[in-house]
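*Asks:* We have chain Y already, so just place chain S on it with the hints.
2 protein chains.
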Amino acid sequence: MLKILIDCFGGDHSPDANVCGALMELEQFSDLHMILTGDEATLKNCLAGQDYDASRISIVHAPEVIGCDEKPIDAVRLKRESSMMKAVRMLRDEDDIAAMVSTGSTGALVAAALTRIGRVRGVIRPAFCPILPTMDGGKVGICDSGANVEVTPEMLRQFAIMSSLYMQHVYGVKSPRIAMLNVGKEAEKGDDIHQQAYKLLCETPEINFVGNMESRDLLSGRYDVVVADGFSGNVLVKTTEGTALELLKKLKKDIYSRTIYKLGALLMKKMFADEKEFMNYQNYGGSVLLGTSKTVVKGHGSSKAVSVAKCIEQAYLMEQSALAAKTEEIIIKYEHYED
Amino acid sequence: MLKILIDCFGGDHSPDANVCGALMELEQFSDLHMILTGDEATLKNCLAGQDYDASRISIVHAPEVIGCDEKPIDAVRLKRESSMMKAVRMLRDEDDIAAMVSTGSTGALVAAALTRIGRVRGVIRPAFCPILPTMDGGKVGICDSGANVEVTPEMLRQFAIMSSLYMQHVYGVKSPRIAMLNVGKEAEKGDDIHQQAYKLLCETPEINFVGNMESRDLLSGRYDVVVADGFSGNVLVKTTEGTALELLKKLKKDIYSRTIYKLGALLMKKMFADEKEFMNYQNYGGSVLLGTSKTVVKGHGSSKAVSVAKCIEQAYLMEQSALAAKTEEIIIKYEHYED
Chain Y
12 MLKILIDCFG
22 GDHSPDANVC
32 GALMELEQFS
42 DLHMILTGDE
52 ATLKNCLAGQ
62 DYDASRISIV
72 HAPEVIGCDE
82 KPIDAVRLKR
92 ESSMMKAVRM
102 LRDEDDIAAM
112 VSTGSTGALV
122 AAALTRIGRV
132 RGVIRPAFCP
142 ILPTMDGGKV
152 GICDSGANVE
162 VTPEMLRQFA
172 IMSSLYMQHV
182 YGVKSPRIAM
192 LNVGKEAEKG
202 DDIHQQAYKL
212 LCETPEINFV
222 GNMESRDLLS
232 GRYDVVVADG
242 FSGNVLVKTT
252 EGTALELLKK
262 LKKDIYSRTI
272 YKLGALLMKK
282 MFADEKEFMN
292 YQNYGGSVLL
302 GTSKTVVKGH
312 GSSKAVSVAK
322 CIEQAYLMEQ
332 SALAAKTEEI
342 IIKYEHYED
Chain S
12 MLKILIDCFG
22 GDHSPDANVC
32 GALMELEQFS
42 DLHMILTGDE
52 ATLKNCLAGQ
62 DYDASRISIV
72 HAPEVIGCDE
82 KPIDAVRLKR
92 ESSMMKAVRM
102 LRDEDDIAAM
112 VSTGSTGALV
122 AAALTRIGRV
132 RGVIRPAFCP
142 ILPTMDGGKV
152 GICDSGANVE
162 VTPEMLRQFA
172 IMSSLYMQHV
182 YGVKSPRIAM
192 LNVGKEAEKG
202 DDIHQQAYKL
212 LCETPEINFV
222 GNMESRDLLS
232 GRYDVVVADG
242 FSGNVLVKTT
252 EGTALELLKK
262 LKKDIYSRTI
272 YKLGALLMKK
282 MFADEKEFMN
292 YQNYGGSVLL
302 GTSKTVVKGH
312 GSSKAVSVAK
322 CIEQAYLMEQ
332 SALAAKTEEI
342 IIKYEHYED
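Those sequence lines, one after another, are chains Y and S. Each residue of the first sequence is one higher than the one before, starting from 12 at the first, in my numbering. Each residue of the second sequence is one higher than the one before, starting from 12 at the first, in my numbering.
Excised from the complex, chain Y in its bound form (with noise of 0.2 Å):
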């Protein structure tokens, strides 16, 4: 049995999405079995009336919730006996459980991450890797994605080893295509850190280094993989899932403003319906955070079923693929660089 913990509260839509996404996930796989934190009445009401397999679900009561707006480090050190926090001790304790799900604080969930569960060896600091769709139908992923707003080269190295990894186990894409994010395309573009660490990965034949990118081509299909300092990749990623919920919200405004416009958007229904449902992150899964020595998932704080479901698979198949023992082998061959 493969043992996955769901955080099952901090989320918009808890718990009855974090219920319902783990439920969805064991009828998925065989070999999984849930662990569930949050409060436990709550959580057998959730249960109430589902058709589930009880055997390979638990509850573990955990009273508190760390909200959205509460300070990290605060939380982490006051609230042991919330929904998350709960989770991470048990992960880091439990041998035999693996991976935990998380659609609370961002904040929060790394700061608990990096002081309580251990990181690959030789990883700097672990990176968040979201997943985006792209325009000719692959999908792209992007790391770090915020939670690290400063990094070095070596930092950014490892991001693009740790990311390559896996988007080739996880998603079977052979050879990622890495590129760094840059203001510009050629080598000697950006800051001192972007120019050291293009050098970095040219020099690293463990990745399919491809040069910078501009920040105007990541939907284009062309790279599979984008690293990024947390600060400009948590801008990349936000601004690209802004600007088409603004647009598609512009669009459906616009076909209300006339009849005609109406009448078209009739014929077209199903194709609304098909751009929406493309360019809606709950799709997508959530941020897996790379470089943890187990494996940590962060859902978007408005996850619905379907989204927390895509997470626990994520967690699951990376746990699958041994994504840690893969990392610190290609990472540890690097690991003097840094000192």
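Keep in mind that the hints were calculated from the coordinates and are not lab data. All C-beta atoms, glycine included, are put in the ideal place defined by N, C-alpha and C. Misleading hints may appear alongside valid ones.
[Unchecked claim] Label-pair restraints from in silico Cβ distances: (1) Y:214 with S:287: 42 to 52 Å; (2) S:268 with Y:89: 52 to 62 Å; (3) Y:161 with S:346: 24 to 34 Å; (4) Y:161 with S:63: 52 to 62 Å; (5) Y:55 with S:273: 50 to 60 Å; (6) S:80 with Y:210: 18 to 28 Å.
[Claimed, not checked] Cut-off 35 Å, straight-line C-alpha distance, at most; resulting in silico cross-link-like pairs (DSBU-like, lysine-lysine): (7) S:337 with S:210; (8) S:315 with Y:249; (9) Y:200 with Y:150; (10) S:273 with S:263; (11) S:196 with S:337; (12) Y:196 with S:260; (13) Y:344 with S:200; (14) S:185 with Y:261; (15) S:200 with Y:261; (16) Y:264 with S:185; (17) S:260 with Y:273; (18) S:90 with Y:196; (19) Y:249 with Y:196; (20) Y:287 with S:200; (21) Y:281 with S:249; (22) S:150 with Y:264; (23) S:249 with Y:315; (24) Y:263 with S:264; (25) Y:200 with Y:337; (26) S:263 with Y:260; (27) S:264 with Y:264; (28) S:260 with Y:287; (29) S:249 with S:82; (30) Y:82 with S:200; (31) S:273 with Y:264; (32) Y:196 with S:261; (33) S:344 with S:196; (34) Y:280 with S:281; (35) Y:261 with Y:315; (36) Y:264 with S:280; (37) S:150 with S:249; (38) Y:337 with Y:14; (39) S:150 with S:185; (40) S:263 with Y:196.
*Replies:* Using the frame of chain Y, we list chain S on its own:
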């Protein structure tokens, strides 16, 4: 007469677009005189047969062109006879010339402006401020969008002061709402530089600082200016443009995939044309460089005549509003902070 230089070479549609744009603005502003730099014979050819007031246009012969792939510093030093560098020198040397517009190499233009054109007294570094349309029909400026990949907190404050005055005096926005690009809304988000800048922005009564902005809210219409370091500001602008273009391309492709969609789109033809125009950055002019003692406007490399005309209009309005003097007045109050 207000004299504005236009570098007629170096853009994708140069020199035709540049010459046409100049003629359009001569029609628009009766007190405008345009000085065209570039190969004289080619420019005369472009003007031949056009209807314009020859007394308000002059040509300065410049046989060389700076390419987009040339190293900026080398180009500035070695291509003295280029259309860009001739314009830059004339702008510097001739008191009665107010401004210049170029659609050539951004790097070369920034290098030339920094080394050849002076700064407004007190300004640490000039910054780019392009404009994007917001979903409620307004506009938002992004400052800096790429001139400075590394910044200090005081530089971010100066970007805020300069861009606030720009939105106020060129676009008539009363008390522009200024936000700072960050990875979250809270004051303590981001690295040290952004945290310190947050404090400085709060302590600057001359601007209406409304707090941090997450990049997904750029097009919401809730902000008039977003202050950013040049690296993430560049990512913000290019991701927005890139996502919008890619989405429109996808819509078009999907429409052609089924007859019924094509039929629907026929009814919505005008709407789709409007959306395309709305997202077409050609309609929003160029990036003005704020903080130089004389006005420099950089148009997109892909600028067509209408976009070049917009850039000239921006330069004209900046000069009319005596922006440099107004900027200096506020900036020097805080000048000692950086020492």
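*Asks:* Which numbered conditions among the earlier hints are violated in the structure presented, ordered from lowest to highest?
*Replies:* none
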